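Number of protein chains: 2
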Amino acid sequence: MIKTSTTLFAVIGDPIAHSLSPLMQNWMIHYFKIDAAYVAFHVKTHHLKQCVDGIKAFNMGGINVTVPHKEQILKHVDQKSRAVELLGAANTLKLKDGSIAAYVTDPFGFIESLGNNRSRFENAKVLMFGAGGAAKSVAYALSRLNINKLTITDIIDEKADLLAATAKQAFKIPHTETVHSTDINDCISDSAIIINASAVGMMPDTEKSVLNDYSAVTNRHFVFDLIYNPGQTALMKNARNRGTVVQNGLDMLIFQGLQSLRIWMNEEYELKGAALNELKGIMKQESGFHE
Amino acid sequence: MIKTSTTLFAVIGDPIAHSLSPLMQNWMIHYFKIDAAYVAFHVKTHHLKQCVDGIKAFNMGGINVTVPHKEQILKHVDQKSRAVELLGAANTLKLKDGSIAAYVTDPFGFIESLGNNRSRFENAKVLMFGAGGAAKSVAYALSRLNINKLTITDIIDEKADLLAATAKQAFKIPHTETVHSTDINDCISDSAIIINASAVGMMPDTEKSVLNDYSAVTNRHFVFDLIYNPGQTALMKNARNRGTVVQNGLDMLIFQGLQSLRIWMNEEYELKGAALNELKGIMKQESGFHE
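Chains P and H, in that order, are what the protein sequence lines are. Numbers given in the numbering used here equal positions in the first sequence, counted from 1, plus 74. Numbers given in the numbering used here equal positions in the second sequence, counted from 1, plus 74.
The shape of chain P in the complex, shown without the other chains (with noise of 0.2 angstroms):
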């Protein structure tokens, strides 16, 4: 119940109509008895900078940052964490004392994301497709994890090579290298882990898949892919098929969240167990998520 002491929390993008965020953040209000209300706005490109005025000036609790505006946001902010200034991206604003500071939680999401899976990250050879905005989060969890090697493929080249140049240069990353579609299976053969950090295989392309072959895809190997619609893509799939364990994006889309709800409230905040698995299941109903 929304009262006069009710801090409001929101997230802006463009367009904004498919965001999970208000019904996974305002679950996660309620789960932890916080008193606040979590909205979502469309926002134009043009007005990034009354929005972080508006912050300010109704002195709301922070604001998500989504799909265009997480680069551009930047312009407008006092403060930026030590991850934004590497990333050129945020995706979390906090009113801190009548200033704007900058977070991304996208990389912590993913960390908190792997659970039991995260020791098979310590020195592993990493294959990842896309080079976009979600990889280049993803190459600076890699790096936290102490990978030993990535290598990167896109449908565009250049991409792909900047983003493997940043991983090595900025995210300290040992080594890290590009890959032609025609060399990828000697490329799997040699990595442990394959993750999808493109669009690839999601609503409604779901029969598409980053792998037309999965011969060199094993049991020994670990398949994340970012998507979380549907629940299960083309590339999961195959991969289970041949008995790899495959993880799918909907926990990191979670833990990325409440990474932003930590932040705002200065609160250790911990989401497990049964609590976890209501959560996912809502969301998966109330968005009609595919399988």
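Just so you know, the hints here were simulated from the structure itself, not pulled from any lab data. All figures in this text were calculated on a predicted structure; none of them were measured in a lab. Careful, some of the hints might be misleading.
Put simply, identical chains are the same to the list, so a pair is met inside one copy or across any two.
Computed cross-link-like contacts, PhoX-like style, restricted to lysine-lysine with a CA-CA straight-line distance of at most 25 angstroms [unchecked claim]: (1) Lys77 with Lys358; (2) Lys170 with Lys149; (3) Lys246 with Lys107; (4) Lys77 with Lys354; (5) Lys242 with Lys199; (6) Lys130 with Lys77; (7) Lys118 with Lys77; (8) Lys107 with Lys154; (9) Lys223 with Lys242; (10) Lys233 with Lys149; (11) Lys130 with Lys118; (12) Lys77 with Lys107; (13) Lys170 with Lys107; (14) Lys358 with Lys154; (15) Lys77 with Lys346.
Could you slot chain H onto chain P? The hints should help.
Coordinates of chain H only, in the frame set by chain P:
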């Protein structure tokens, strides 16, 4: 339940901690099945421009404006209703095609709250205590009710004189005058209606009243006190003891809020009978009103 499609409304003021609007408006939002939520923002005067820009940037449905911003906000709006022009104050802003339109719903709240007592005002002589912002809204409402004469009394003579002049020249009330406390009993005898639009008698000073001597108050009078906490002021109790019909300001508060909701949603919502009583009961209970 807040969803991605949910429209946000808010009230801005300074202070704001004791506002009843979130409780009242969220009850009405639920009752009328509107996909909206209503929060309170603590806003300082130097941030009013950023607030109006924020309504546009966030694409909010609209806001209520309360003390001390009702006049200053007008510097930043694009359009004003006729009532706002006349009163020089607004309590409701609405985003319309990228512009901010200003409305004032207090006069309409006063009129709607009268119910069957409305007919008492036609061609009546009215005595009003107070000459501040609330009194000005009531004076405007009285002009719409076709009263014959308005007599104003205030502890600051100049304020009473100014409002009497405005009520005659701008609001077109046929006869207006001011009166000193020494002549109040003659004025009461000459009036059908007594209105308290001052703060005298409000919590915590519940023993105070604008009247010391009730000898001129009869069962032919109608006493309207804009105060709603306590629910029955010393003025109301003493008048009722003399057989007078009395009314407090709670219905006015509710109907000015309902009018804002109608403006924002472009819908002719109706609130009466058991539903109105339920809302009043919740407001009394949640806010710890005194009887």
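Since the copies are identical, ignore which copy is meant and state whether Lys118 and Lys77 lie within 25 angstroms (CA to CA) inside a copy, between copies, both or neither.
Answer is between: at 20 angstroms across copies they meet the 25 angstroms cutoff, but 29 angstroms inside does not.
Is it within, between, both or neither when you check Lys223 against Lys242 at 25 angstroms Cα-Cα?
within (9 angstroms within a copy, 83 angstroms between copies)
If the cutoff is 25 angstroms on CA atoms, where do Lys130 and Lys77 land: within, between, both or neither? Let me know, please.
both (20 angstroms within a copy, 24 angstroms between copies)
State whether the alpha carbon distance between Lys358 and Lys154 is at most 25 angstroms within one copy, between copies, both, or neither.
neither (33 angstroms within a copy, 46 angstroms between copies)
Which holds for Lys233 with Lys149 at a C-alpha limit of 25 angstroms: within a copy, between copies, both or neither?
within (23 angstroms within a copy, 49 angstroms between copies)
Identical-chain pair category, Lys170 with Lys107, by Cα at 25 angstroms
within (22 angstroms within a copy, 36 angstroms between copies)
Could you figure out if Lys77 and Lys358 sit no more than 25 angstroms apart (CA to CA) within one copy, between two copies, both or neither?
The answer is between: 15 angstroms across copies meets 25 angstroms, while 29 angstroms in one copy does not.
At most 25 angstroms between alpha carbons: which applies to Lys246 and Lys107, within, between, both or neither?
For Lys246 and Lys107, neither the intra-copy (40 angstroms) nor the inter-copy (54 angstroms) Cα distance is at most 25 angstroms.
Since the copies are identical, ignore which copy is meant and state whether Lys77 and Lys354 lie within 25 angstroms (CA to CA) inside a copy, between copies, both or neither.
between (28 angstroms within a copy, 16 angstroms between copies)
I want to check one pair: Lys77 and Lys107. Are their C-alpha atoms no more than 25 angstroms apart within a copy, between two copies, both, or neither?
Intra 13 angstroms, inter 18 angstroms, cutoff 25 angstroms: intra and inter.
Between copies, within a copy, both or neither: which fits Lys130 and Lys118 at Cα up to 25 angstroms?
both (19 angstroms within a copy, 10 angstroms between copies)
Is it within, between, both, or neither for Lys242 and Lys199, if the alpha carbons may be no more than 25 angstroms apart?
Cα proximity of Lys242 and Lys199: one copy only (14 angstroms, versus 85 angstroms across).
Violated hints for the displayed structure, listed by number in ascending order: 3, 8 and 14.
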